[in-house]
Amino acid sequence: MYPRAIPENRPLSRFAYGLLVALVLALWLLPLFAVIMTSFRSFDDVMAGNYWGWPSKIQVFENYAAVFQQSKMLDYFLNSLIITIPSTIAVLVLSTMTGFVLSRYPFPGAMVIFALFVGGNFLPQQIMMIPIRDLMVATGLYDTFWALILFHVAFQTGFATLFMRNFIAALPSELFQAARAEGASPWQTLIHIVAPLVRPALAALAILVFTFIWNDYFWAVVLTQSDAVKPVTAGLSNLRGEWVSQWNIVSAATILVAVPPVLMFFLMQKHFISGLTMGAVKG
Amino acid sequence: MTIWWRRHRNWLTPALLLAPGLFLFLVVIIWSSLETFWISFFDWDGMGVKTWVGLANYRELLDDPQFYVSLKNNLIWLLMFLLAPPAGLAIAFLVNQKIAGMRVMKSLFFMPLVLATVTVGVIFTWFYDPTFGLLALLFRAFGAEAPALLSNEHLVTFAVVASALWPQIAFCMVLFLAGLNNLDEELIGAGRVDGARGLAMLWHVVLPQLTQVAFIAVAITIVGALRSFDAISVMTAGGPFGSSTTLAYQMYEQSLFSYRFGYGAAIATILFLIMAVFIAWYLRGLIRAEKGA
Amino acid sequence: MNSVELIGLDKHYGQYHALKSLDLTIEKGEFIVMVGPSGCGKSTLLKTIAGLETVDTGKITIGGKDVTRAEPGDRGIAMVFQSYALYPHMTVAENMGFGLRMARRPKAEIDVAVRRAADILRITEQLDKLPKQLSGGQRQRVAIGRAITRSPDVFLFDEPLSNLDAALRTQMRVELSTLHAELGSTMIYVTHDQVEAMTMASRIVVLNKGAIEQVGSPLALYANPVNRFVAGFLGAPRMNFIEGTTTEVGTDDALVQLAGLAPLRIALRQGATVKTGDPVTVGIRPEAFAVGGSKPASCPARVRLVENLGRETVVYADASPLVTSGSDTGTRNVTIQLGSAVAVAPNSEITIGFDPADAYLFGSDGATLTPAKPEIQSR
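Chains as they are written, first to last, in our numbering: chain A, 1 to 283; chain B, 284 to 576; chain C, 577 to 955.
If we strip away everything but chain A, and leave its shape as in the complex, we get:
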């Protein structure tokens, strides 16, 4: 282990070190903490400039209720779910198939296709903005859920393929030789061998892809216009324009946007970390 472990027989040093880390952490999360605090404050506090002191009145319920009732955040929130959940499922299915083929069926050009997936995924998304917007307008999908779903599925399949390929490639090859020796077709191998074994990878990938899509802002503004389809990130940006000085309400909305990915992260923390590192480190 590096740095050297602080020995267990020195509880005082360990405690002091823990305290030091907690202090750094407090500084690290200070901005987030302040936003959470503000989402509890009254507008009077905000006007009086009481951002950092103790709230004069704690109004958690009022602020969050205001976000739901007086803004369209609830609609945006549902829009985001409608876009994110099916996209995530589609990405998982597609990338399991592509990852399986690219890791287990070496054919001439496999490396090129793989490089295409990885390289395309690294492109700044702005590069493809104009033709994709054009494509969506031409097909009549512009400003519908389908536009965002289609794009996210296509784009995330790149990263997800890299991820699944690495995971499936790490499975013991004897397993696949055994399946072949027993006469399993590629399709049977995929269903009976690969699918059960990649479940942990899929869990990790699901969280990552969900977070990526949920957090997207660029395509939300490029491909949507009307409130009926706008996801929550674009909605938050709008809301900030409408509720200029009401920082307590804006803060509450900000926290709301952050809840699903943060929840995902804490529920499936192990998968999240292993997922990020599996997808990235092994790549």
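Just so you know, these hints were derived from the structure itself, not from any lab.
In this text the structure is predicted, and so the values were computed from the model without any measurement.
By construction, the Cβ of each residue, glycine as well, lies at the ideal position given by its N, Cα and C atoms.
Warning: the hint list may mix true and false statements.
[To be verified] Residues of chain B placed beyond 10 Å of chain A at every Cβ, according to the derived structure:
id, residue
1, THR334
2, GLY337
3, TYR341
4, ARG342
5, GLU343
6, LEU398
7, ALA399
8, LEU438
9, SER541
[Unchecked claim] With a cut-off of at most 35 Å between alpha-carbon atoms, the simulated DSBU-like pairs for lysine-lysine come out as follows:
id, chain 1, residue 1, chain 2, residue 2
10, B, LYS333, A, LYS270
11, B, LYS381, C, LYS785
12, C, LYS785, C, LYS641
13, C, LYS623, C, LYS705
14, C, LYS596, C, LYS641
15, C, LYS635, B, LYS381
16, C, LYS623, B, LYS381
17, C, LYS785, C, LYS851
18, C, LYS683, B, LYS381
19, C, LYS949, C, LYS785
20, B, LYS381, C, LYS596
21, C, LYS785, C, LYS596
22, B, LYS381, C, LYS949
23, B, LYS355, B, LYS381
24, C, LYS683, A, LYS270
25, C, LYS851, A, LYS270
26, C, LYS641, C, LYS708
27, C, LYS596, C, LYS635
28, C, LYS871, C, LYS596
29, C, LYS851, C, LYS871
Take the given structure of chain A and dock chains B and C to it, following the hints.
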């Protein structure tokens, strides 16, 4: 049919499995990216007819002062973003201890990573607020007046990058923590027996084991710097007076607000050329690692 | 002068008591081999000597200096790791010279030391290669070479041969013994392989559950184990243990009743604490058994399995009601080792026997009750 299928299924099934994902990715992502080059040779408002103008868009770009502002800002993004890997490594070192409560603190350190860039943008806009922000409070504690970072054209980009660094550092930290988990215990032991300690241990024994992770952290950081858009859009909308645009933001603005899609495409092409260098470097490393393993 | 002295070493991992107040004195130039089952604390002990692990209490001196709190690099030791732990990004020469480089020695001196070590181990040709370009055996040499380069007072080896194939392991074993003779340095060697222990050690330390069971020369430990654990640990095939009871205890011998045999008269050492009616264990080495009725204590048995190894034959025979406990095979068969190729048919009926003078007697606490036997048997 069935006999034919049985004979060919060993290559047909994989082909069919690969097809949908590959098709979608090729058409939407790759084809669109290539189409951008083509569009960059036209004058086009996004709806009407495209008029071929050859290299005119590029010529105009070279004379556009805004282009150089964007280029300079992209460079600032890139250089400042490269602080993320070492900073992430430092925090990873800090929390790599098995002490009660450390697990929870580790996950809290990751937190900025899962926040949307919009969320981060809103949080920091407000953090920088010259009247009420935390920064203002800090300055006042020392009896100074806080600069209005986001409306100062010399400081604005630095302020925006600083906010974007927050999740980026968290990301690098996750990668390095994973790397530290995989350190070879016996190698560290050998280093200690050989009398390496502190910085010598870090330099000669620990860092060489982290090169793979560091490579990925740097690659992802560079991509992140070049595709910077969300934070600018949320915090400054390119302002004040276009002083905080990057190539990504400028092309977005030119296309969607000024309806100059051809010109926007030319900017995107330049961005791609810069990017291509890094992607090529990354893929080379990737394929080399693949062959080595 | 004592080379290494361990006084009252004690260590816990959380609730787990890894080292239990260990004492050991090692003379200069000794080749000490520490053996024991996995989890016995032998590797932990080696790491505490190296300074890679700290101790809760106790004192470690190396060359007369108290190094209990010293850094590994300051202890005058060098270590060879199980995985070799070569720095993958450094050439062989850089690997070997790294310790001296860390000690800020002049470059010329490092070169000389590396060259000398490379000559000893015949790896001069490999000096500019990277570890990944070497075979397992060559990496092993480099790891040893790295230790030699530092010219330490004490060499520490942590199961260094366990990753090598059988042929290479034998070769390296011989080379290590030769190296020890050449350098005359103190060496401490951890292994679970008793052949390595028996062949290389000047003294063997048998560890069990964080405590030292016995220390002594290989032959002394083999001939006179202090308890049932050591008796069972050294020797392959393993000693046969047969449970029984004493029917009569005299001043210097006892009558022991085993199932299926006439009572045996077995000698007792002075001060052996055993009473009439106590449960005891009789231990008989496989090579002490003979086939045929030539030995004083014999009984019929049915052959279950024969392993013909050419120069020796191992017979597993069912002699019930005479049954063994805790055998290698997991059965209650008696293991008999015969000194040459012998024609014994599976499933045949044979008579097996032994001389009670060759038997060991262990009390219910495991302690040896029989008097010392000669280390080398005259045949």
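Checked hints:
no., hint, result
1, THR334, "16 Å, holds"
2, GLY337, "18 Å, holds"
3, TYR341, "16 Å, holds"
4, ARG342, "19 Å, holds"
5, GLU343, "17 Å, holds"
6, LEU398, "5 Å, violated"
7, ALA399, "4 Å, violated"
8, LEU438, "18 Å, holds"
9, SER541, "13 Å, holds"
10, LYS333(B) to LYS270(A), "51 Å, violated"
11, LYS381(B) to LYS785(C), "26 Å, holds"
12, LYS785(C) to LYS641(C), "28 Å, holds"
13, LYS623(C) to LYS705(C), "29 Å, holds"
14, LYS596(C) to LYS641(C), "23 Å, holds"
15, LYS635(C) to LYS381(B), "26 Å, holds"
16, LYS623(C) to LYS381(B), "20 Å, holds"
17, LYS785(C) to LYS851(C), "29 Å, holds"
18, LYS683(C) to LYS381(B), "39 Å, violated"
19, LYS949(C) to LYS785(C), "27 Å, holds"
20, LYS381(B) to LYS596(C), "25 Å, holds"
21, LYS785(C) to LYS596(C), "8 Å, holds"
22, LYS381(B) to LYS949(C), "52 Å, violated"
23, LYS355(B) to LYS381(B), "44 Å, violated"
24, LYS683(C) to LYS270(A), "48 Å, violated"
25, LYS851(C) to LYS270(A), "61 Å, violated"
26, LYS641(C) to LYS708(C), "38 Å, violated"
27, LYS596(C) to LYS635(C), "13 Å, holds"
28, LYS871(C) to LYS596(C), "43 Å, violated"
29, LYS851(C) to LYS871(C), "27 Å, holds"
Hints 6, 7, 10, 18, 22, 23, 24, 25, 26, 28, counting from the list given before, are not met by this structure.
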